[in-house]
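Colleague: Since chain U is already given, all that's left is putting chain R on it; use the hints.
Chains as they are written, first to last, in my numbering: chain U, 1 to 457; chain R, 458 to 744.
I should point out that these hints are in silico values taken from the structure, not numbers from a laboratory.
Note that beta-carbon positions come from the ideal geometry of N, C-alpha and C, so glycine has one too.
There's no promise every hint is true.
[Claimed, not checked] Here are some, though not all, of the chain R residues that point toward chain U, as calculated from beta-carbon distances under 8 Å:
#1 Arg623
#2 Leu649
#3 Tyr650
#4 Leu683
[Claimed, not checked] Just so you have them, the derived chain R footprint on chain U, three or more residues with Cβ under 8 Å:
#5 22-34
#6 204-210
#7 396-403
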Amino acid sequence: MSLITTLDALVDELRALGVPVSASEKADAAAALGHADLADREEVRSGLAVTLVKSAGHLSAFDRVFDVCFGQRVPDRATGGVGLGEPDDATIRRLLAESIEAGENGSLMQRHLAGLLVDRHAGIQPGRAVAGTSYLFRAMRALDVDRVTAALVRRAEARTPAALAGPLPRRLFLEDVERRLAAFRLEVEAEIRRRLVADRGVDAVAKTLRRPLPEDVGFLTAATAELHELWDTIQPLSRKLAARMVHRRRHGHRGRIDVRRTMRASLSTGGIPVDLRHHTPRPAKPELVVLADISGSVSAFAAFTLQLTYALRSRFARVRCFVFVDGLDEVTDLIERSANVLEVASEINRLGLGVWLDGRSDYGNAIETFCRDHAGELRARTTVLVLGDARSNYHAPRADALGRIAGRCGHLFWLNPEPRAAWDSGDSVIGRYAGYCDEVVECRNLRQLRAFVERLA
Amino acid sequence: MPDSPHFASSQQVADRLRGTGYVPSPRIAGVIHLAERLGKPVLVEGPAGTGKTQLAKSVAESCGLRLIRLQCYEGLDEAKALYEWDYRKQLLHIARAGTAGGDGVETELFHECFLLTRPLLEAIRSEEPVVLLVDEVDRLDIETEALLLEVLSEYQVSIPELGTLRARTTPLVFLTSNNSRELSEALKRRCLYLHIGYPTAEHERDIVLAQVPGIEAVLAGRVGQLVRSLRSLELRKKPSVAETLDWARTLVLLGADDVTTELLADTLPVLLKNESDIALALKEFGE
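Next up, chain U with everything else stripped away, as it sits in the complex (with noise of 0.2 Å):
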């Protein structure tokens, strides 16, 4: 394959996982390839970085995308290699710790290594579908990472007795072992992958491992290191999202002519009113007041919201917070004495908040609740925010509750996690509740609950 195709399929997968690549940035990729020395591949993916990729969120779904269009061959290992013969295990184990002793990252050696436990462990079979994960967990089981890890502390401390005394040191040189040896697997997934593409061939490998970039990533489906990823997003998310509203909320429309100030600045051109001035606007803020299903199905869904929600409550006049599994409890404190949500989240688990009988949702006793001791302090200025996805376990909707939190309140908003397709099926009661709402938002992803939030503030 020439270049130019092989850039060509690397921006058609990018552009089908959503990354947007304008034809200019494209032209501009292909440009920064005539001035890159195209045996270096790391000045090569570089180039490409940062012609395409405009946004520090989708780096990772490059690199993925870049390492797959871009792999290099398999080595011929008749010719290339190191020259090491067929090692057994304990050898790989042993050159393994020496080139991690030695500080190499992506060495030749490191690469061979990897080469070598695929070759023996993965037991790669040719022509099938798959991502190649249990490819990757094969190869690793046969290294057994912590046999090498305890050889490394083994010759350290050999090599200088006082080198791992006392808890600080033997800390910080345990995560130095554990982060050369995530680079390690790194370099095992990828020779998986050059493997992988060398029998299917580019496009269907890049289908298979197609990934969603975080903001498409699913609250109810994101797996732990997914949801690690958009924890990362959202707090700069949040910091974007308020200094657009302060700025919509002091640009957005001027307010009465102020008579004093006008007088007094017509004075330098004599009298005459040219210049017109007018008071600041203070819009009202509205008073926002969040109740949070917590329980296991929607939990990350619930700590986004909130994180985000409180991120913005220099917006409001005031935000208070309600989490709920089948009975109903006020967060408001915990999460204002502490930034984190997941500190939060970790808070409310050990108070046990939120669950009233059997710890399994009850919509309609939480509503209820709420309605009985709060419903007084709602006034037409509060929004009212409820997440979650209506599945009650089949216990009484009791959405008359509801409404009359409904009755209350200015508006009523519900956002509820599920793809709506899901809605009203099995023991969800969304529809029982609609009614009420002002609307019922589909919130699956970061991407919809950004625009909500925006159209909230």
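Modeller: What follows is chain R alone, placed relative to chain U:
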């Protein structure tokens, strides 16, 4: 497009930057090389205190070029970023022409000598090549961002009364952003995008070695490891490279040759500026 390139290869960029005490990652060196070859601005994003502004300063220093800096803020407008007519001078000129009884004063009023150049125009009009730094571009209002577009893509400024002023030499342009809002697609499209994250432990060790005089390699390595470990905690504000350097200088002043738990506990406020962060770090490393 460049008249005579400042750098022959990305390797040379790296070497020259190292000469000024800035330790670039391969990607940073590559993007600067490419920016010069393609004649494109570089948009630098990343957490605070990772050396975004310093990068532009170091590039200017390493090539011996003048650095022109435009600090962005909310409410920055054309008159402060591009150019302004010096109306006082124009008034004087009219008054003088009036007493002398000269004609055709209107045509002389919009001459270049009545133009007050602001950073962007100054970079364009400069005789010798310059480095232009547009700092914290995310603080600009979205509408004012458009003001940059002509300068960045064509290296020219259009002044209605005068016509279009083109750049005599292509400046090296850096834009920095703290990511406090999404920049417009139009701006991003015209730039090369460089994300400077926190450095790896080894990279940070090299930075400390280059920036802190009199530090031992072993201690610098330990500093890099510890800061990396701190950043992996769930902190409100992760320590920046600038704070790492402050901390390393503190350690040198205290005459330390290795970091002990007690020393860490005593000097932690140099790295972390948040009470709950310090408490968390002490809990993690305390025992």
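Colleague: Does each hint fit the structure? Answer for all of them.
Modeller: Quick rundown of the hints versus the structure:
no., hint, verdict
1, Arg623, "violated, 21 Å"
2, Leu649, "holds, 4 Å"
3, Tyr650, "holds, 4 Å"
4, Leu683, "holds, 6 Å"
5, 22-34, "holds (count 6)"
6, 204-210, "violated (count 0)"
7, 396-403, "violated (count 0)"
In terms of the numbered hints stated before, the structure departs from hints 1, 6 and 7, listed from lowest to highest.
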